[in-house]
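Residue numbers (the numbering used here), protein chains in the order written: chain A, 133 to 599; chain B, 133 to 599.
Keep in mind the hints are simulated off the structure, nothing from the lab. Where is the CB? At the ideal position from N, CA and C, for every residue including glycine. Honestly, I wouldn't trust all of these hints.
Unchecked claim - Some chain A residues near chain B, calculated using beta-carbon distances under 7 Å:
(1) Pro349
(2) Ala374
(3) Thr440
(4) Ile443
(5) Thr451
(6) Ile458
(7) His491
(8) Gly495
Unchecked claim - Which bits of chain A does chain B cover? Going by a derived footprint, with three or more residues having C-beta under 8 Å, they are:
(9) 251-258
(10) 422-429
(11) 466-473
(12) 508-521
Claimed, not checked - Derived DEER-like restraints, expressed as beta-carbon distance ranges:
(13) A:Asp378 - B:Ala527: 54 to 60 Å
(14) A:His491 - B:Asp564: 33 to 39 Å
(15) A:His491 - B:Arg400: 31 to 37 Å
(16) B:Gly503 - A:Pro199: 39 to 45 Å
If you want the building blocks of each chain, they are given just below.
There are 2 protein chains.
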Amino acid sequence: MEAAEYIDSQTRDFFGQLKEWLAIPSISADPARHDDVRASAGWLAAHLSGIGFPVVEIWETGEAGAPGLPAVFAHWPAADPAAPTVLVYGHHDVQPVEPLDEWDSPPFEPAERDGQLLGRGASDDKGQVLLHSLGLRACLAAGGPAREAPPVSLKFLIEGEEESGSPHFAGLLRSRAAQLGCDVIVISDTTMWAADVPSMCIGMRGLLDAEIDVYGPDGDLHSGSFGGGVPNPLHALAGLLAGLHDADGRVTLPRFYADVLPLSSAERELFARLPFDEKAWLAEAGHSQAAAGEAGYTTLERIWARPTAEINGMWGGHTGPGPKTIIPREAHAKVTFRLVANQDPADVAAGLREYVAAHTPPGIDATVTFGGPGVRPCFSPIDAPAVQAARQSMALAFGKEVLFTREGGSGPEADLADILGAPLVFVAVGLDADRIHAPNEKVEMDLLLKGAEAVAYLWDKLAAVHL
Amino acid sequence: MEAAEYIDSQTRDFFGQLKEWLAIPSISADPARHDDVRASAGWLAAHLSGIGFPVVEIWETGEAGAPGLPAVFAHWPAADPAAPTVLVYGHHDVQPVEPLDEWDSPPFEPAERDGQLLGRGASDDKGQVLLHSLGLRACLAAGGPAREAPPVSLKFLIEGEEESGSPHFAGLLRSRAAQLGCDVIVISDTTMWAADVPSMCIGMRGLLDAEIDVYGPDGDLHSGSFGGGVPNPLHALAGLLAGLHDADGRVTLPRFYADVLPLSSAERELFARLPFDEKAWLAEAGHSQAAAGEAGYTTLERIWARPTAEINGMWGGHTGPGPKTIIPREAHAKVTFRLVANQDPADVAAGLREYVAAHTPPGIDATVTFGGPGVRPCFSPIDAPAVQAARQSMALAFGKEVLFTREGGSGPEADLADILGAPLVFVAVGLDADRIHAPNEKVEMDLLLKGAEAVAYLWDKLAAVHL
Chain A
133 MEAAEYIDSQ TRDFFGQLKE WLAIPSISAD PARHDDVRAS AGWLAAHLSG IGFPVVEIWE
193 TGEAGAPGLP AVFAHWPAAD PAAPTVLVYG HHDVQPVEPL DEWDSPPFEP AERDGQLLGR
253 GASDDKGQVL LHSLGLRACL AAGGPAREAP PVSLKFLIEG EEESGSPHFA GLLRSRAAQL
313 GCDVIVISDT TMWAADVPSM CIGMRGLLDA EIDVYGPDGD LHSGSFGGGV PNPLHALAGL
373 LAGLHDADGR VTLPRFYADV LPLSSAEREL FARLPFDEKA WLAEAGHSQA AAGEAGYTTL
433 ERIWARPTAE INGMWGGHTG PGPKTIIPRE AHAKVTFRLV ANQDPADVAA GLREYVAAHT
493 PPGIDATVTF GGPGVRPCFS PIDAPAVQAA RQSMALAFGK EVLFTREGGS GPEADLADIL
553 GAPLVFVAVG LDADRIHAPN EKVEMDLLLK GAEAVAYLWD KLAAVHL
Chain B
133 MEAAEYIDSQ TRDFFGQLKE WLAIPSISAD PARHDDVRAS AGWLAAHLSG IGFPVVEIWE
193 TGEAGAPGLP AVFAHWPAAD PAAPTVLVYG HHDVQPVEPL DEWDSPPFEP AERDGQLLGR
253 GASDDKGQVL LHSLGLRACL AAGGPAREAP PVSLKFLIEG EEESGSPHFA GLLRSRAAQL
313 GCDVIVISDT TMWAADVPSM CIGMRGLLDA EIDVYGPDGD LHSGSFGGGV PNPLHALAGL
373 LAGLHDADGR VTLPRFYADV LPLSSAEREL FARLPFDEKA WLAEAGHSQA AAGEAGYTTL
433 ERIWARPTAE INGMWGGHTG PGPKTIIPRE AHAKVTFRLV ANQDPADVAA GLREYVAAHT
493 PPGIDATVTF GGPGVRPCFS PIDAPAVQAA RQSMALAFGK EVLFTREGGS GPEADLADIL
553 GAPLVFVAVG LDADRIHAPN EKVEMDLLLK GAEAVAYLWD KLAAVHL
């Protein structure tokens with residue numbers, strides 16, 4: 133039986149199972165729902181055992197006295213011990229549902245409407261996890277009666293704390309690294325461009341956050357007595373911040389672009405083919421917005437594939453009503469840098485320290501404090517064998533060319549790649565219109581089925597290439 | 133009898149009278165002391181009548197239902213109707229006295245100690261008002277028995293709300309302009325350089341205050357989704373603020389320096405002769421301070437005679453703990469400009485509007501709001517006849533060359549010059565060390581007597597020049 137035919141035959145069962153799982157209110161941010169998160173892990177573990185996974189484990193997280201929420205691990209080795217190992221990542225916890233009165237139907241009573249399935253978690257991420265179950269069964273069915281195992285050694289790691297900031301995830305990866313060993317990681321927790329424009333995300337930006345603190349006089353000075361004769365910390369900070377970019381919108385930190393992997397012409401060409409409505413995108417930002425940024429790049433290139441420096445906040449001196457004629461003693465700013473492959477947050481941190489030291493005027497002291505080590509960018513080149521395999525699988529399922537996107541944001545996915553030492557491939561069928569994290573979350577039911585079909589092809593294709 | 137000899141003979145009486153006046157706690161900022169402010173006005177009116185002023189009036193201020201505090205006006209016409217008219221300005225209200233426990237003796241029980249008179253108002257400004265009474269009597273005595281009136285037509289205007297921001301003063305000047313008509317205004321409410329360095333202030337800076345409000349997106353944006361592709365209001369504001377000065381520390385507003393009266397080489401030379409200890413001045417500002425400002429000028433020139441732009445406060449975006457990856461919707465700054473002769477606050481305001489409009493990037497809206505019309509600078513050239521007359525009078529009294537200073541701050545004195553249309557001359561013997569506005573305010577008793585001697589000479593000298 134062909135994979136597509138198998139999937140057709142299973143559609144009602146598949147959505148019945150998904151609705152059962154969605155009915156469990158596994159809100160990880162709400163301590164009152166933690167038993168539900170555990171029930172959700174239990175449901176998934178039973179389901180995976182039921183479809184044939186020989187190894188299914190519930191992995192507790194946290195410590196005695198401060199327990200975390202469980203992840204589900206499953207493993208189905210390939211018949212061929214030389215076959216590559218693939219780890220599928222997703223999560224089974226969901227976002228809170230407030231405000232409840234904005235939902236058209238109760239968030240944990242999944243409802244079908246015009247080809248959409250409504251309910252918390254339908255798109256983020258239970259629907260996209262469960263499509264792997266259906267896809268795997270279709271893959272097995274398509275292999276004929278002789279196929280008793282997937283063509284790749286398949287591992288699932290479905291965490292239960294993603295919507296709470298994954299506090300134990302990196303620790304879990306490290307302590308379970310031996311069991312999690314893999315050649316490629318498939319992430320099904322993102323979106324594609326549009327229902328009629330299948331696409332794959334191939335990178336996410338990294339992040340570094342810092343606070344710059346600037347100090348001048350020992351106390352606020354009277355600007356009549358001192359104004360014009362001593363440096364003003366607010367001027368100094370404004371200069372430091374304004375100087376972060378040159379006239380071309382490029383970040384001026386030393387060595388900031390040294391390790392940046394340039395956009396390939398193939399990727400730029402594929403980005404350019406996305407039907408991007410810049411006016412509509414700007415209108416989302418605000419009524420008077422204009423495109424702006426690094427010279428020589430399109431908006432999509434700027435927000436996906438180029439590093440940035442943003443001031444997120446600043447304050448100092450008199451901020452109450454009316455004037456106050458002071459030279460204030462101090463000024464502060466919070467800045468973040470979005471990073472792209474192959475920038476290292478530690479190098480950018482060193483560059484920022486150097487920049488601030490070099491541009492702080494005499495009579496002013498400035499310090500730079502980082503919130504943490506930062507988040508590394510992640511990126512898979514479009515010509516990587518696993519990316520090509522996924523692209524071909526999606527193209528087969530959708531019957532269309534598959535384009536590429538990146539994400540401008542940053543996520544814990546980079547931890548997966550770093551700690552497990554394997555490349556990432558994002559195979560996902562969510563849409564920006566799915567209202568994830570908001571009332572009336574939905575998923576397009578036919579896209580879930582297309583996703584299942586894509587992964588039904590993917591394991592064979594991955595088994596055939598050298599990863 | 134010589135003026136100096138007369139003053140010597142009156143010393144005990146003079147300080148006895150001053151102590152009597154200082155004992156009245158005329159704190160204008162404290163409603164519980166308003167009867168004392170009225171008593172202080174009554175004491176001065178009786179005193180001025182007692183020494184011979186033919187016209188003495190107590191001028192109430194404010195309105196029925198919202199009364200202000202009274203000023204004292206006195207007028208003693210010259211015998212010669214062609215003699216110039218001089219208006220002496222000072223104030224009889226005093227600052228609050230908290231913290232009381234830091235006073236070595238009670239603030240309203242004036243005490244003599246080592247040639248100093250301690251008490252609230254001793255220097256600011258009752259002592260410096262009363263020296264005019266003694267000076268005038270010395271002038272009359274020095275003129276011999278035939279002199280029954282001062283050589284100039286002398287008017288005193290001693291207000292009662294100076295330490296409360298002079299809320300009714302400009303209105304009083306306007307409504308009483310006919311009675312206050314004069315050829316020159318003598319201000320005795322400032323300081324000289326040092327006890328052994330007699331000096332005259334010849335100018336005060338003006339002031340304009342503004343708020344710059346910058347708006348971008350309709351709400352805070354996620355910097356992962358939009359960062360690098362749309363303008364950031366904090367960047368825009370930092371750019372506007374950093375750009376207020378060029379590399380030479382000059383303010384970049386259009387036409388900002390167009391009307392600035394250049395420092396004369398004579399004034400620069402006299403400033404340079406002041407024994408200014410820059411290191412000590414910087415240490416007052418803070419332990420790590422360095423001199424900074426407009427290229428080509430000394431610190432005293434920068435803070436007294438050159439206009440400035442200062443950022444007094446700025447804020448926007450996330451200012452709480454931790455990072456927040458936003459492009460904020462708005463950013464704000466408070467700025468003030470110190471102005472010098474002959475800048476007009478209205479012209480500077482127009483220049484700021486123009487500057488902000490020209491340097492606001494596409495996609496950002498910026499508005500500029502002014503706190504009021506601003507304060508005009510005031511200035512009397514050192515070669516003005518009245519300034520020369522005062523300088524010679526002080527030089528005679530002190531037996532030393534008299535140098536010149538300016539004040540970097542701004543005061544209501546400019547209102548006097550503007551509304552009455554007469555030039556200002558600052559004749560004062562206060563010191564920066566007098567602890568005005570602080571506990572243990574004092575005045576140097578011999579400086580008050582030197583001041584009285586100087587004004588004893590001043591009226592004759594002013595009568596002799598063409599004003």
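Right, here's what the structure says about each hint:
With its C-beta approaching chain B no nearer than about 4 Å, Pro349 of chain A sits inside the 7 Å limit, and its interface hint holds. At a threshold of 7 Å, the smallest CB-CB gap from Ala374 of chain A to chain B is about 4 Å, leaving the interface hint in force. This hint holds: Thr440 of chain A has a C-beta 4 Å from the nearest C-beta of chain B, less than the 7 Å allowed. With 7 Å as the threshold, the beta carbon of Ile443 of chain A comes within range of chain B, its nearest partner Cβ sitting at about 4 Å, so the hint holds.
Taking 7 Å as the C-beta contact cut-off toward chain B, the hint placing Thr451 of chain A at the interface holds, the least distance being around 4 Å. At its closest, the beta carbon of Ile458 of chain A sits 5 Å from a beta carbon of chain B; the interface hint therefore holds under the 7 Å criterion. For His491 of chain A, the interface hint is violated, since its Cβ never comes within 7 Å of a Cβ in chain B; the closest pair sits about 11 Å apart. The restraint placing Gly495 of chain A at the interface with chain B holds, with a minimum CB-CB distance near 3 Å, inside the 7 Å limit.
Under a criterion of three residues with beta carbons nearer than 8 Å to beta carbons of chain B, the stated coverage of the segment 251-258 of chain A fails, only 0 such residues being counted. Closer than 8 Å: that is the beta-carbon criterion, and the segment 422-429 of chain A has 5 residues meeting it against chain B, so the requirement of 3 holds. Counting residues of the segment 466-473 of chain A whose CB lies closer than 8 Å to any CB of chain B gives 3, so the stated coverage by that chain holds, three being the minimum. For the segment 508-521 of chain A, the assignment as covered by chain B is violated, since 0 residues bring a beta-carbon within under 8 Å of that chain's beta-carbons and 3 are needed.
Asp378 of chain A and Ala527 of chain B have their C-beta atoms about 58 Å apart, which keeps the hinted 54 to 60 Å range intact. A hinted range of 33 to 39 Å holds for the C-beta pair His491 of chain A and Asp564 of chain B, which are about 35 Å apart. Distance hint check for His491 of chain A and Arg400 of chain B: the Cβ-Cβ separation is about 32 Å, which falls inside the suggested range of 31 to 37 Å. Between Gly503 of chain B and Pro199 of chain A the beta carbon distance is about 57 Å. The supplied range of 39 to 45 Å is therefore violated.
Hints 7, 9, 12 and 16 from the list above are not met by this structure, while the remaining hints are.
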